[in-house]
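Engineer: Line by line, the protein sequences give chains A and B. With the first sequence counted from 1, adding 1 to any position gets you the working numbering. With the second sequence counted from 1, adding 29 to any position gets you the working numbering.
Quick caveat, the hints were computed from the structure, so don't treat them as lab data. No residue lacks a Cβ here, since even glycine has one placed at the ideal position from N, Cα and C. Accuracy of the hints is not assured; some may be wrong.
Below 30 Å or equal to it, Euclidean Cα-Cα: the simulated DSSO-like pairs (lysine-lysine) are [as the list claims (entries may be wrong)]:
no. : chain 1 : residue 1 : chain 2 : residue 2
1   : B       : Lys435    : B       : Lys374
2   : A       : Lys114    : B       : Lys449
3   : A       : Lys175    : A       : Lys186
4   : A       : Lys114    : B       : Lys374
Between beta-carbon pairs, the in silico distance windows are [said to hold, decoys possible]:
no. : chain 1 : residue 1 : chain 2 : residue 2 : range
5   : A       : Glu17     : B       : Glu388    : 39 to 47 Å
6   : A       : Leu181    : B       : Ser263    : 35 to 43 Å
7   : A       : Arg197    : B       : Glu339    : 22 to 30 Å
8   : A       : Gly77     : B       : Ala206    : 58 to 66 Å
Facing chain B, from chain A, some residues (calculated, C-beta under 8 Å) [what the hints assert, rightly or not]:
no. : residue
9   : Tyr174
10  : Val185
11  : Lys186
12  : Thr190
13  : Ala194
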Amino acid sequence: MTAAMRVRVFVVDDHELFRSGVRSGLGTSCEIVGDAGSVDEAVAGVLAAAPDVVLLDVHMPAGGGRAVIEGVRAGGGTTTRFLALSVSDAAEDVIGLIRAGARGYVTKSISAKDLAAAVRRIHDGDVVFSPRLAGFVLDAFAGAATQPLDPEMDLLTAREREALRYIARGYTYKEVAVELHISVKTVETHVSAVLRKLQLSNRHELTRWASERQLI
Amino acid sequence: MAETTAQRGTSTPGGDPAAAPRRAAAPRPRLERSRRDRVIGGVAAGIGQHLGLPPLTVRIAFVALSLAAGFGIVVYGLLWLLAPQEALAPDAAAAPRSRMLAVRPTPRQAFGGALIVAGILLLLLASGFWFDQSIAWPVSLAAIGFAVLWARSGEEGRGRWSLDAVMTGQTSLPRVAIGSVLIVVAMGVVLGNNYSLAAAGPMLLAAAVAIGGLGLLVGPWAWNVGRELIEERSQRVRTEARAEMAAHLHDSVLQTLALIQRAPESREMASLARTQERELRAWLYGRAPSLPGTRMRDAIDAMAGRVEREQHVNVEAVVVGDAEIDEHVQALVAAVGEATLNAAKHSGQTEVSVFVEVEADAISAFVRDHGAGFDPAAVASDRRGIADSIIGRLAAHGGTAEVHSKPGDGTEVVLRLPRKAA
């Protein structure tokens, strides 16, 4: 793999140890262009380095990952994509970050190999749905929307729901494609559509989750 | 009453000399208004319990005292206000809806109460203990207004006729209006009647009436607001302390545990750290702690933690929806646990995915690994574990289980438990 092909990654986490851990884990497959331990540092660093993918801690002092995304977007960093990393699996944290603009969510216990794969997928414009995130989404979209103002956005299609179920069951995109007799590309289209709904829907559950607790 | 006397009759001459002192040593029950045995407010029965007297005796005493210039009525009213209500029996607490209905006086109780009040008034009138008409009528009006204001849906919500309660329909607007109008009219009548005669201090009287009326109007509400404020404050202090601790532990312990799991040195260490992280996270960010063993979600999480601990694998458990645990759900959780344990033991992989989804008509569970897989048709008879503990167990509860596996392609156990129409 030549240097030009390597994904340029920026790591944001307020724990030095974790940053160096990611550095050594991803070092071979990605190019770490910088890291930061606070929201202000992160916004400035990301805008200066213009990385392809930012690995973003959910919880940080002074606004957390959400503040970083908002700061970078406000500063004109529109091409950078965000992958949320967290040790806490509270639904409101995850949904909040996704609604702020993150393209996927993984837990910090993920192996270096899987993390590298997730980074590459984010870089390629796809979204990363861990089984847990798929579970949260199924929970949030369970049943009929209380008031589907916009059925396009507030409801999942049967196909999207099926794909999410397989992901929650631990299937890879490729395996989902085989089970549903569709192409991997179509699976990616489905989960991308789900992510868009997650970000734009006005479903009560989602807005509640996103605003219920201030991210620490 | 007859029953009580009979009990005493048998116990006292019964001859056990230790019985009497022992009973005296037993702590007297607290003075509380009775919930079950009541004609008006449960005061008489409460006193009866407190003093060890039959309630009827107490009631008769109250009526007799009331004849003495209404003394009994005042005492009763004070006790009603001051004595706390008897705590709910546990089973009643579990059903708050029925509790609300239970405290509403039955028509018989209401009728009895009205009869008693009317009788007392007539007695007072007949015996000459009667107030000036100019006082009696306003007082009656104010009393009725007060009663209308207070008599909400039941004891629990007494005095809760805040704006909020009116808005949410807990207290009807007409009721508040009627009560307020009655009290205001009563104040007006008092003032009108006494305007000429109270030459000594009309201003003083007016002020007293106004304050009294205001007290009647606002008193119960203020009383309640004060109590709620205290409750709210202590609740908030608890929540803040918890959030602070969560933030602190998150920044220290959880991060460390996550780091340990990333270090490839020791599998046992990693699984230990994972277990600790899972437990701590559940405590920090979990739902309100439920009683152990009542929610399926908690049972699945606990199962996943157990398998992780024992088999040193990572169990990714995702649960959508939740259900109360009954014997059927219990069987499903056990079957899922068995399947997870199988996957952990035989797949040769360190990752097992568990997905459980609760739907209206069924609970589906999937246990998946990306391991060696096997040919289900060629399972040796010594691996009866799946057949017995998973398929058999579920079948006994009307459920089904299927095993999908191909050598080299991983294994998935699919469990399905129909739910009774809820």
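Engineer: Would you mind marking each hint as holding or not holding in the structure?
Structural biologist: Against the structure, the hints:
1. B:Lys435 x B:Lys374: This hinted pair holds, its Cα atoms lying about 17 Å apart.
2. A:Lys114 x B:Lys449: 44 Å, violated
3. A:Lys175 x A:Lys186: 9 Å, holds
4. A:Lys114 x B:Lys374: The hint holds at about 23 Å.
5. A:Glu17 x B:Glu388: 39 to 47 Å: Holds: the Cβ-Cβ distance is about 45 Å, inside 39 to 47 Å.
6. A:Leu181 x B:Ser263: 35 to 43 Å: 53 Å, violated
7. A:Arg197 x B:Glu339: 22 to 30 Å: 41 Å, violated
8. A:Gly77 x B:Ala206: 58 to 66 Å: 60 Å, holds
9. Tyr174: 14 Å, violated
10. Val185: 17 Å, violated
11. Lys186: 22 Å, violated
12. Thr190: 22 Å, violated
13. Ala194: 19 Å, violated
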